[in-house]
Each structure stands twice: as structure tokens, then as C-alpha cells.
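Engineer: Assemble the complex: chain A is given as a structure, and chain B must be docked to it using the hints.
Line order of the protein sequences matches chains A and B.
Residue 15 in full-length UniProt numbering sits at position 15 of the first sequence; the count goes up by one each step and never skips.
Residue 618 in full-length UniProt numbering sits at position 618 of the second sequence; the count goes up by one each step and never skips.
Calculated directly from the structure, the hints in this document are not laboratory data.
Please note that the accuracy of each hint is not assured.
These stretches of chain B come out as covered by chain A in the derived footprint (C-beta under 8 Å, 3 or more residues) [as the list claims (entries may be wrong)]:
| id | stretch |
| --- | --- |
| 1 | 9 to 19 |
| 2 | 555 to 565 |
| 3 | 572 to 581 |
Using 27 Å as the maximum straight-line C-alpha spacing, the simulated DSS-like pairs for lysine-lysine come out as follows [what the hints assert, rightly or not]:
| id | chain 1 | residue 1 | chain 2 | residue 2 |
| --- | --- | --- | --- | --- |
| 4 | B | K581 | A | K295 |
| 5 | B | K481 | B | K160 |
| 6 | B | K579 | A | K295 |
| 7 | B | K585 | A | K295 |
| 8 | B | K334 | B | K281 |
| 9 | B | K287 | B | K412 |
| 10 | B | K591 | B | K579 |
| 11 | B | K570 | B | K594 |
| 12 | B | K587 | B | K521 |
| 13 | B | K532 | B | K579 |
| 14 | A | K295 | B | K521 |
| 15 | B | K534 | B | K521 |
Where a beta carbon is used, it is the ideal one built from N, C-alpha and C, also for glycine.
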Amino acid sequence: MSAAGSSRDLSVYIHVPFCAVRCGYCDFNTYTATELGGGGSQREYPDNARREMDLVLADDRAAGYEYEQVSTVFFGGGTPTLLPAPDLVSMLDHLRGRIPLAPGAEVTTEANPDSVTPESLRVLADGGITRVSFGMQSAVRSVLATLDRTHDPERVPQVVQWAKDAGLAVSLDLIYGTPGETLADVETSVRAALACEVDHLSAYSLIIEGNTAMARQLRKGEIAEPDGDDMADKYELVDDLASAAGLSWYEVSNWARTPAHRSRHNLAYWRGGDWWGIGPGAHRHRDGLRSWNVKHPSRYAARLAEGELPVQESETLDAATRATERILLELRIADGLPVEAVPEQTRDQIAVHTARGHLDPAALEAGRLVLTRNGRLLADAVVRDLVP
Amino acid sequence: MTPRIAADEARDIQPASTPQERIRNFCIIAHIDHGKSTLADRMLQITGVVDDRSMRAQYLDRMDIERERGITVKSQAVRMPWQVDGTNYALNMIDTPGHVDFTYEVSRSLAACEGAILLVDAAQGIEAQTLANLYLAMENDLTIIPVLNKIDLPGADPEKYAAEIGQLVGVDPEDVLRVSGKTGQGVPELLDHLVRTLPQPLGDPDAPCRAMIFDSVYDTYRGVVTYIRVVDGYLRSRDRIDMMSTGAHHELLEIGVSSPEPHATNGVGPGEVGYLITGVKDVRQSKVGDTITTSVRGATEPLAGYSDPKPMVFAGLFPIDGSDYPNLRDALDKLKLNDAALNYEPETSTALGFGFRVGFLGLLHLEIIRERLEREFDLDLISTAPSVVYQVRMEDGTQVEVMNPSDFPTGKVAEIHEPITKATILVPAEFIGAVMELCQSKRGTLGGMDYLSEDRVELRYTLPLAEIVFDFFDQLKSRTKGYASLDYDVSGSQTADLVKVDMLLQGEPVDAFSAIVHRDKAYHYGVEMAGKLKNLIPRQQFEVPIQAAIGARIIARENIRAMRKDVLSKCYGGDISRKRKLLEKQKEGKKRMKNIGSVEVPQEAFIAALSSDAAEPKDGKKK
Numbered sequence: 001m002s003a004a005g006s007s008r009d010l011s012v013y014i015h016v017p018f019c020a021v022r023c024g025y026c027d028f029n030t031y032t033a034t035e036l037g038g039g040g041s042q043r044e045y046p047d048n049a050r051r052e053m054d055l056v057l058a059d060d061r062a063a064g065y066e067y068e069q070v071s072t073v074f075f076g077g078g079t080p081t082l083l084p085a086p087d088l089v090s091m092l093d094h095l096r097g098r099i100p101l102a103p104g105a106e107v108t109t110e111a112n113p114d115s116v117t118p119e120s121l122r123v124l125a126d127g128g129i130t131r132v133s134f135g136m137q138s139a140v141r142s143v144l145a146t147l148d149r150t151h152d153p154e155r156v157p158q159v160v161q162w163a164k165d166a167g168l169a170v171s172l173d174l175i176y177g178t179p180g181e182t183l184a185d186v187e188t189s190v191r192a193a194l195a196c197e198v199d200h201l202s203a204y205s206l207i208i209e210g211n212t213a214m215a216r217q218l219r220k221g222e223i224a225e226p227d228g229d230d231m232a233d234k235y236e237l238v239d240d241l242a243s244a245a246g247l248s249w250y251e252v253s254n255w256a257r258t259p260a261h262r263s264r265h266n267l268a269y270w271r272g273g274d275w276w277g278i279g280p281g282a283h284r285h286r287d288g289l290r291s292w293n294v295k296h297p298s299r300y301a302a303r304l305a306e307g308e309l310p311v312q313e314s315e316t317l318d319a320a321t322r323a324t325e326r327i328l329l330e331l332r333i334a335d336g337l338p339v340e341a342v343p344e345q346t347r348d349q350i351a352v353h354t355a356r357g358h359l360d361p362a363a364l365e366a367g368r369l370v371l372t373r374n375g376r377l378l379a380d381a382v383v384r385d386l387v388p
Numbered sequence: 001m002t003p004r005i006a007a008d009e010a011r012d013i014q015p016a017s018t019p020q021e022r023i024r025n026f027c028i029i030a031h032i033d034h035g036k037s038t039l040a041d042r043m044l045q046i047t048g049v050v051d052d053r054s055m056r057a058q059y060l061d062r063m064d065i066e067r068e069r070g071i072t073v074k075s076q077a078v079r080m081p082w083q084v085d086g087t088n089y090a091l092n093m094i095d096t097p098g099h100v101d102f103t104y105e106v107s108r109s110l111a112a113c114e115g116a117i118l119l120v121d122a123a124q125g126i127e128a129q130t131l132a133n134l135y136l137a138m139e140n141d142l143t144i145i146p147v148l149n150k151i152d153l154p155g156a157d158p159e160k161y162a163a164e165i166g167q168l169v170g171v172d173p174e175d176v177l178r179v180s181g182k183t184g185q186g187v188p189e190l191l192d193h194l195v196r197t198l199p200q201p202l203g204d205p206d207a208p209c210r211a212m213i214f215d216s217v218y219d220t221y222r223g224v225v226t227y228i229r230v231v232d233g234y235l236r237s238r239d240r241i242d243m244m245s246t247g248a249h250h251e252l253l254e255i256g257v258s259s260p261e262p263h264a265t266n267g268v269g270p271g272e273v274g275y276l277i278t279g280v281k282d283v284r285q286s287k288v289g290d291t292i293t294t295s296v297r298g299a300t301e302p303l304a305g306y307s308d309p310k311p312m313v314f315a316g317l318f319p320i321d322g323s324d325y326p327n328l329r330d331a332l333d334k335l336k337l338n339d340a341a342l343n344y345e346p347e348t349s350t351a352l353g354f355g356f357r358v359g360f361l362g363l364l365h366l367e368i369i370r371e372r373l374e375r376e377f378d379l380d381l382i383s384t385a386p387s388v389v390y391q392v393r394m395e396d397g398t399q400v401e402v403m404n405p406s407d408f409p410t411g412k413v414a415e416i417h418e419p420i421t422k423a424t425i426l427v428p429a430e431f432i433g434a435v436m437e438l439c440q441s442k443r444g445t446l447g448g449m450d451y452l453s454e455d456r457v458e459l460r461y462t463l464p465l466a467e468i469v470f471d472f473f474d475q476l477k478s479r480t481k482g483y484a485s486l487d488y489d490v491s492g493s494q495t496a497d498l499v500k501v502d503m504l505l506q507g508e509p510v511d512a513f514s515a516i517v518h519r520d521k522a523y524h525y526g527v528e529m530a531g532k533l534k535n536l537i538p539r540q541q542f543e544v545p546i547q548a549a550i551g552a553r554i555i556a557r558e559n560i561r562a563m564r565k566d567v568l569s570k571c572y573g574g575d576i577s578r579k580r581k582l583l584e585k586q587k588e589g590k591k592r593m594k595n596i597g598s599v600e601v602p603q604e605a606f607i608a609a610l611s612s613d614a615a616e617p618k619d620g621k622k623k
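Bound-form chain B, shown alone:
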């Protein structure tokens, strides 16, 4: 007998009338390529909510970028029926974002669940980000179900990794489930196990309604779709609702559950997961973490844990073609509808023209936004090197917040605070030395070290965020042959001896190349950047000095020698048309040059100088 439940047999688990003891809410914690989406797909198929024919690989990941990168940016929830021992249950699978930049969103998704599947690739073992999310789940008192995936792969070593996970979670390695998302092997058993092991929701059905928003997605046709977990009471389709953080009132246009296509219902009850639509057009009006209650006889105390997402990394985004500026603005406005964490304001750079200073949750967030702007809106962009937010205290006591090196104050600085992170690095034991050396050079402080298994080590460091956003992850990967994984969380700040290094062309500062760096590294930065620019900027009609300076003090210098020959030696009757057309082409090229003083710098030079420094997103590998 199949535990699949036919639609007409599921009357006892209808939305808004399912008792909490028949509900199980869970999420899956996994590293990006450990097969979370494949396992989710298999569950949809085995529980029968998606028929075999319409099954599309990785059903839940909607955006192209997610699909390509194999990461999940936006979560969704799916309600699946499942029968165990003749009793029908409603399982809600909440698909969490898999990346460190979205820790807050992950934490809200976790808060919507009673349990989590810890899914680990049986050929690779656990990764740092997974570990971070596991700890987050444990702090949320979630029941952890450790599962090894991809056991069908020839390279799988389930014994080894079962031991590793067992030790982490505190279970017998024998109790670690083994599945193959690809073949479906072990998945029905996993579903049974979820029902038997996970605690039921323990909301108060009679209390005023409190529902937590764990995701909020903009849809072109329907406006914002808000995903909620009802904790106490009921939300009915005729209710008016309040957002407790802002006090805003909304009419409910629709409420329902997804399985995985949205189905309108007459409400969502305690312990259940669903979605609602109010007609708002901007995800900022429906914030992740906020508590929803009914306008009439509503709750007075919101659920705990709400906070506003705060951008940690800033970069300038400039259109390569200046006339694309309005298009960039429109594109950001559109993305913002779906991304409450995206912040931006106009910025003008002498070198790069008009653009925006954009705040991101982290490097991956930056890369995703940039890629979406380029791909979905067909924009060609230059982004400046990412920077963090510094708090600068002047000697006269004034405090300045610096999000952009060009805003660095010129007066006497008393103290600079920079954000620091708690970073976790998982690495095979043979690379411990290489990682320590790297962290040392990035001003890291070792907090601790643990062996996860005999050849895998967890290193905990305190590292300045600025060092991480610079090129840390690239270097970490290259020094560990790609084996290291990294997770970090911003935690507080520290004072540091930081200076602003300016790059000058013929005495004119080029704002796009200014950087705030540690004093010990200023010289290195200056020399490297000057050398790079020397190679990238073509010779001009006159000599061009390139200087690196801290304030008025020059710390490095290069020279671009004057160009001596720029003439076509033959120009007779038959050459004139060709020569004139060449001139016209060169004039066009000249228009695309940026003038720094009288120095003409090709756009490509800026791109090349900036892009080699722009750190790759963490784990942004394409598959």
C-alpha cells in the first residue's frame, strides 16, 4: 500500500482544519551542491503533489540564476500529504536560502519549523556554511534529522561521513539516514521518519492570531506574495490584517497554501504554513520576520526575532554606457520590489560617471544583483571594489560613517572602527598551515580549532569584514586547492589603523581607485595599483605620472611615458577616404574615453583595474 493520499481521502488534513498533531514543519539544511533541490523534488513526486510528467528538475528554484548556480536565494513552502500507519499528515517543507549572505532569512525560515533535515553529500562531507546553519537550527531548538545524500554515487563514503555527522549532532552513526535524491532510494523512509520524529507545532488555537512572515516575494501579476507560518490562532480569508512592526493595515485578497502551486483556502490555522496576498507592490511592506495579526481582536505582542536587514558590503555600480543610467535606476527599482535588503542611492564618480552606491548583505548578494542587472535588464556594468562601513571619529569629536572611500573625511582622525566577523573555516588537516598563514596576513585572530574527524578541521577566526570582502575567499580557495569552505557572521567592530589610499593621475585623484586599507598594506596597495594602471592606460601625448598617496604624502609612483609616434606616414589620394573613416572611428573611441584631467582613460582600463580586485562571490561557482 502506498502512503500517498488521494485528494478525496485528505479531508481530515484540509488547511485551516488540520489538528496540530497532524502537522510537521521542516526545512532542509544543505550546502549548495549537496542535492537539496533534488531531494525536495523527489519528495514532491513521492507524495504525489507533483505528478511524474510535470516534474521538472529542481522544481522549487524559480530564478534562472538559482537554477544555474544551484543555490536557492528565495525560499518557498510546500504542503505535502503523507500517511503513516493509516493516519494522514500534512508535511510543510520550507525551502531555506542556502547562503551565508542570507543568514537572517535562514534564521526566519528555521523559526517557521520544528525540525530540520541536515543533508550532507556522502562523498564530500559537511561544509562550513552548512555547519553555520546547523548551529543556527540547534540554537532555534529544532530537531535535527541527519541524512546522507547521493549514496548512489561511486565516490560516496557514507561510513566516514556518518561518523562525522553523528559526532556533530550527537547521534549514533547508525541512525544517520541514507538517501539518494536522484533515485528516490530511502526517501519514503525519510518521510516516515519525519512524521515520527519531529515534534508537532504547539501553538495556541484560541489565542489572537500571530503569524510570522518568513518570506516575501514580488510577483509581476499578483504583487507581493507573503509566506507565513501561523503560530497562534487562525487567519481567515475575510480578515483584515496588521503588520505589527509598522502598524500598517491590509485587506486580504487571497490566502492559501502551496503544493507547490498556490491553492486558495478559506484560511490557515495554527501550526500551518501558507501564503497570503494583500495587493502591496513592494516587499518592504511585507517584511521577513514581521508578525501578522488580525485587525480585529489582534495580538498585542509580536513574535520574537524580527530585525531589519542591514547591508554590510557596499559597492558602486556604474553603467558602462552613461546613457544607461536611467535604465539602471529602473532596474534597481524593480529588483528592490523583491529584495528588502537591497539599498542604493545615486553616486557620481569623476572616473565612472553617474551610478549608484549599493548596499548588499554580502558578496554573494552583490554578485547576484549584479548578474541579474546584467542578464535580466541587459545592462553592462562596472562595479567598484566592495567596501564596508567604517565609523570614523574625528579629533574634534564628530563621528562620520564612511560607506565609500571617497567620503573618507580629510581632517584629523582620532579613531576608526571597522566591522569584524566571526569566521568558520572547514578544511582538510593538511591545509591548516596555509589557512593560518592567510588569516594571519588578513589580520585574523585565531579563536579556536577542532577536529571534526581525523582529517577535517574547523578553524574559528575573528577577521575584519573588509579583508573578507577584498579577495579572501579567492585566496582561501587557491591555497587549499578548493577544499576549504568558509562561513562568516558579522559580529561587532574593532578599532584599526586604517588609511585611505588615493590614486592620482597627473596629480588628479581617481575616485574609483581610492581604497581604505590597513596602514601596513597601504604601500603594497599603492605599488600594485600604480603598476596595474601603468599597464592599462595607453600612452598619451605627454608623460603621465601615476601616484599613490595617503593624504598629501606620495607612497608610490609610476610613469607612463609620452607617446612619441601617432601618425600614418602615407596619405595620398587613394588613402584619404580610408584615413578619414579611421579618424571618425578613433573619434568615436575617444568619446568612450573617460577624461581624468587631460588624461584619456579607456573604459576597459577601469574595468580591468577594478575587476581583478573584485572578489568572486563565495561559492559562486557555476555548474
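Isolated chain A, as found in the complex:
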């Protein structure tokens, strides 16, 4: 391990850019065709990912970074479980053949309720995956239909049970604020998720990104513009119901039963950890160096075939930018941000936002900035005031 990162842990994100169907709200880097040309197909993907891992490892070593162990791994997408379970395991195996997994490492995969079976989940668990995060989104059929989600809501409790039976920790993802969704619909969905007795819940307000089918519907006036007040009501409802069920927030959009149930992988993002981003369009961070890969799987494959890192662009953060990122990331989590992380010139804003009820006065006593619930809903506004 180099002097530059003597005690730094490594997290690894592996992006699987394939889905069975593209959802109308989704602007992620994902593809529905199974056979993309130029070595970019689903079948060739694991090989490409392995090749990239070797190149990244060499790049780290050349820069003087040697990680002793990998503390978390996250397969995201796309729909990682669209790949055969052994493919995911083989990528994990390749990784740990290069850098060992830490004892008790967290290895998560995202999954679509449609794309798992008891058997596939067992293969994943046996292969070292410890946690699965299902894209439940909603328990209301009309809402799922608006989101272009194809799964049967009845299937969610079933797949959760299968995952638990396989020994996997389970998280459910919800989306609120879908056009046409009522507060009662949100309540139905949250209650359905909690009824599965999961230890972790994520809930995101729907964002209609520019280049999506939903954005086109919005422009045509077929759906209504999401309303901030409605979103706030729904967020508060999610928070109320999750809290009542014993899950407490630990990040703006995440709730966990105990600190041990928090997603350590995601916490690494918010705490400025180092991570690899393997796969097309994936982002990587190493000690203030951010880079991201080319997006298209075929271009990605072509670069790797040349023996090159498939990096699209990178940036080296200066001290001020790192300080800014720290504020914008750490303020999102329940552990909060130490007062010293706020620059002198904006420190007066701390009192302003505490007075406005955005920051928790008790935490401030202890030297930390922790958002209240109103503060969480206005997190970006608070960050803008704290950043010089």
C-alpha cells in the first residue's frame, strides 16, 4: 500500500448495461439488445469486465496505489441479474483473485423481481454475493404500468423470501411521485415493502430526465409536471412509515433497521472512499481523481481489445473542489458533516439553517451538521449556502 492511501479501502462498482425492457423514466446507460456488435454483447461482457479489472489494477499500481482488500462490491445496472448468475460470480471471482475480499465484505447485486429464481439466488449466494437490492418501485399496478415495469407486484414478497432463504440480505427500492400516483398509492407501496420485513429501504422521487420517453410525454402534456410540494408530502409519508416500522434514515433516500444494515458500498460514495467503476459508463474515484468510461458497450469493448483503459474523461479535483464535494456528500448522511469541514467564510450559514430548522441543534452541539427532516428535503439549498 502506498503512502498516498495507506489505510484506504477499495470498493468496486460493476455496471451491467443490459435490460430486458427500457423503462420510460430511465436515462441510465443500459441497452435492451442482446447482441451489440464489436464485442459489446451480453455474452462477451464478463470477459470485458475482467479485462478492465486487470487494466485498472495495473493503473493503480503504476500510480502507487496498492489496495490490500476490497471491502464492498456492487453490481448495478441495467439489470445485473439479466446475466446468468455464474457470470456475476465469475466476475467476482476474478476480482478476488486480484485483490482479496475483506472478511465480511458486502457484495450487493441489483435485481429485477422478474429476473431471479430461487436457484439463481442460491448460485449468487454460494458465489459470495451477500445482499440483493430489488427494484420494486411500487406495489400499485397502475403506477408500475406508468413506469413501464413489467413485474407482477405479487411477486415481490416471493422473491424477497427466496433471497432470504438463500441467506441474502435484502433491500427494496421504491419510486414515489410517478404521474398519477396518489398519497394512498405511496402508502400502499411502502406498507407492502415493509410487510416483506426487509432491513433496508431506498425511496427515490421520480425525476423526469431530459432524454427519456417520459420527458417526451411531459412535453406533449400527456403527463403532469412533478410538483415539489407533492413530492415533499410523499417523502414525509415514506419517512413516517419506515420510521414506524423501525427503519431509520441514514441517507436522504435510504433507511436501515440498524447501522449494520446500511449499505456500506453506498456509504463509501458519500464518505469520499476510493472505488473502481467497471463497465461501460461506470465512474471511478481514486483519491481525488474521478474518471468515467465510454458509454457504449461496443466502444467499451473495442478500447479494451486495444489494451487501453476505456476511459472517456477524467478530472483531478483540487483541494477546494474536494472540500465542496465533501459538504455535498456528507451532509446527505445521518452521521453528518463535522463543523470543521465547513469553510470559515460560510460558517455563519450554519446558525441560519439551524434557525430555519434545517440542521439538528443537538448534533450541532456535538460538532456535527445533521439535517432535520425539513433539512433533508432542502438539502441542496443548504449545501449551496454552505459552499463558498
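Structural biologist: Structure of chain B alone, referenced to chain A:
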């Protein structure tokens, strides 16, 4: 035989040696789009002073804005030779500003002439401003030559409008000349008619020199060019001259006539029109209306009619980008060189930052200056709602002059005087009711009403200037389908029950939105402005009350509810760079916000709130 005179045949009408009986001085009174410049162009062409090839449409209007708007802001004079019955004459055409804001300049141009062509569009008839200038010409005892223009147009109705003008001027409709500036039809006859009908100048060639300045233009290369009409005596190129209003002495660097390019001569004689250059750099040193005499054996009595231009309408001009303040100052300094009526002093607004309080002759003047600043100096500006000058007498007897609502005194007010105008509105008879209703709502008093023809009416009103500068003209146009024309002249003042309405954001007054309004309209103003601001100011992290107040009394209130959600719900590894860049962009946006207390107001909100109230200039239509 053409009445054009070849250069070598014009020896008997050379400058400074043309007898007065061979001189005719005239101007053209016309509404903006009635074709004055086109007719002038045709005269230049027919008399041969501009050859056909170099003829450029609207030769005399120099500035882009003038050309686009079809209005003439600055006048010039052109000397044209013309032969009638074998005798050579020198015709001086003085091009008058066509707009109400420049009444004083018009009056000085008129004073330089013996006659005026009243030019009326044969398809539209006379307009209020033309009428006002016609009356001005008649008061100056000018000989009026009524002319219908655009007779080549399919929509022309010369019979109808000849009757209308005939009645106004007191001539037989048969005697109204008919021309087409575009085709030149009737223009030679008009030139002949000018020579035969207009009186010759009647100056005293032997008296000490007296010349009246009727225009003064700053030229980047030559400094101020002063246009003069010599009344008595001679100005010679070697003379030293005195400005009689200030007693300032100047050396003559050049004297000459324009036809239409400047030609230096050895002098300008009685009855003649010419220009002179002394090397001064600021038109204020060469004031319109002032009398010039020679330093040696000069006149003792100046010519009558001189007065200083007085700004009637004031507005704050602020750069949208605060760092443009020095550029705005430099730009105003430059415009001032050419505009003796432009007045300004620095002003600081809590809402709008550093800018200038600028005084204008009227709304058009305001709009022209603003447009020139934006166009020629590339400045983005916000202007506050125009206001007038109030004289406020306090109970303790002190007198305060208020040019800016924020200067309105806070103590006990005994009496407020506001400027009033005599307004003339010409309108088709069917709109009389609509116009009367509007004038009534603007605190107008009807002075009289006359039918110009069977379907056109002249309405005379006394109206507060403040009402006119607010949005009167827009409303007049919209209520009369664009048919009404308006002219006004400030004439005295009246006491009025006026109050200052302040707009408060979270209890903090926003100076840019304060207004002095009639007590009966204060509530309306407050409610409207509060509603407008509510829609323009984005929700903040806290509730923001918007109040309208007269002193400590709240008369209207709105609330901007607190913003409840401002967070991107997803922020994972791949989102961080994008999120940070968004934050940086938002921070930039925040810097452009104006802080009123702790309320962040986007610049656009100020612009939108102010611009919808800013009245359009009268007749400032683009063509």
C-alpha cells in the same frame, strides 16, 4: 428646360452673397410615417444637390435608430438651388424633429424658417403631433403650404383629406398641393410654389450679426457642428464669435453651408442657413436657441425665444451586470455630448445596485436614449418605471423636489404639486366614448372637443403628466384600435392627493418598486404589484410576505409559500461529478440574484416586474 441649376450658373446665389429676395427658408411638418424624409430625398434629387446614383433612401436621417423608426431626432439644413422664371433661388430646407418630446427643438427650427410645408399622408389624414406642430408654426407666423403626400397609393383619399386640411389651415381644398415623394410627381411644382409663396427673409444686412442656433450636433471627428440661421448681418470665416447666453468666446474653425455635404464658405449672410465649427466638444457649449454674434461690434440684444431644455420625465437606469456601471457612465457621457437635454446623476438602489437617475424630455426621449445605450454601447439595462417631478410642501413649510419615489419625504406633507399637461387627442368619432373613459380614469379634465371632419374629432384634455408617462399611450392605442394620436405639452402644475406606495419583501422595502400614485389608485397599484411579485419571485427556504404599504399602513399583502423540496434524491458514485457541476452552476445563478434582506430575487423578476409597467414610447413603433 430644367429648373436645375448647373454649378457654374449659380454665381448669383453663392453663400454670403445671396440677396435675401433670392432666399427661401422652409421646413416640413409631418407625422412620422407620412413621408417627410422621402419627400426631402426627392427634393435633393430633383434640385440636383445629390446625384441619382449616390441617392440613398432617407438621406437626411443619419442615425440608425432614426432610420428604423422612421423618425427624425436631429435636424439638419440643406441648401438647394432652384430656378423659377429664369431667376436663381437658394432654398434652405430645415429638417425638423418630428416628435412631441422635442417641441422646443421644433420651435427653434420653425423660428429659422419663413414657411412650412404641412405634409399629410393622403391615406391617413393629419395626426395629433402634426397638428401640434402646425399650431406652433402658425404661432410663429409661418406661411403654411398644405401638401398631401403619397397620392400614388391605392388607399389615398385626397379629396377627403384636402377638405380636412383646408379647413384647418383656412385654404380652399383645391389649393392643397398633391405630391408623391416616392415617384416625384408634383415635387417640381411644389418647389416652384415655395419660391412664389414663401416670404423672403427680412433681416437687416447692416446690423450687427445675430444668428440663432437651431441645432447642434456632436461629430467624432470635427467636434460640435452648430447649425445656424443668420437673422441680421454677416458671419465671416475670420470672425471670433460670442454665445450670448453664456458670454463664451469662440474662434471659428470653419463656417459653411450643407448641400447636403458640408461646404466651407467665407461666410453666411442675412437670411441664410449654415453651419459652423468652433472646436467645442460638448453640445452644451453651443445651445439650441442661443444667439451667436461677432465678438467685435457684436449685437447687444439676443434673439427671442431661448430657453434651457428641462427634463420632465425621470427614470433609473441600471446595468444588469453590475460591473457594467463604469461603461454605462462612459456611454452617458458620450451621448451627452450630442444631447443637451440629457441629465443624469448617480443613483444607488438596494434592489438594482449602482446606476443613474436620468432626466428626459419625455417618454420617446427615454426610449431613444435607452435603445442607443443598449445598441451602440452594448449594455443590458433595467429601467425603473418613469416618474415626474413633484413639488412637496411639508407642514413645517419646507419645500422638497421629488424626482425619485425613494426621495419622497417621510414627514407630514401639507401639499403636493404635480406637473400637468395640455393633451390633444385626435381620434375617429366612434372612439370618443372610449377615449373619454380612459381620460376620466387618468384624472383628466375635458377642455374641449372639435370635429375636424365628420368622422374625426380633436379632444383637448388636461391630464397629469404622471398619468401620461405611466401607461396612457398604450391604453389609448389599445382602446382605439391604434387609431388615436396624442400630443401633449406640459403646462403648469396642480395639487393632488398623492401618496407613496412602498413594496416590502419580508418587511424590507424594495426601492425599485416604490411609486407615487393618486390615493384612489394606491390600493390597485399595491394589489397588482404584490400579485405580480408573487408570481415572479421563486419560492424561498422560508415564507416570504409581500406587502404594499403607505407609510406604516399595509394596504395589500401576498405570501410566497416556503419551498419544501430542493434535493436531488439520488446521489451515487456516477452522479457526483454531475451533481457538483450543477451545484457550481446554481452558485453562479445565486450570485446573479439580488438579496433583499435574506430573500433572493432573480434579476429577471425585477426586469419583468418593471418592464410590464414601463410605458412604450409614443409612436415608437418599428417599421
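Engineer: Run every hint past the structure and note whether it holds.
Structural biologist: Here's how the hints hold up against the structure:
{"no.": "1", "hint": "9 to 19", "verdict": "violated (count 0)"}
{"no.": "2", "hint": "555 to 565", "verdict": "holds (count 3)"}
{"no.": "3", "hint": "572 to 581", "verdict": "holds (count 7)"}
{"no.": "4", "hint": "K581(B) with K295(A)", "verdict": "20 Å, holds"}
{"no.": "5", "hint": "K481(B) with K160(B)", "verdict": "21 Å, holds"}
{"no.": "6", "hint": "K579(B) with K295(A)", "verdict": "19 Å, holds"}
{"no.": "7", "hint": "K585(B) with K295(A)", "verdict": "24 Å, holds"}
{"no.": "8", "hint": "K334(B) with K281(B)", "verdict": "10 Å, holds"}
{"no.": "9", "hint": "K287(B) with K412(B)", "verdict": "41 Å, violated"}
{"no.": "10", "hint": "K591(B) with K579(B)", "verdict": "18 Å, holds"}
{"no.": "11", "hint": "K570(B) with K594(B)", "verdict": "30 Å, violated"}
{"no.": "12", "hint": "K587(B) with K521(B)", "verdict": "40 Å, violated"}
{"no.": "13", "hint": "K532(B) with K579(B)", "verdict": "33 Å, violated"}
{"no.": "14", "hint": "K295(A) with K521(B)", "verdict": "62 Å, violated"}
{"no.": "15", "hint": "K534(B) with K521(B)", "verdict": "20 Å, holds"}
The structure fails hints 1, 9, 11, 12, 13, 14 (numbered hints given earlier, in ascending order).
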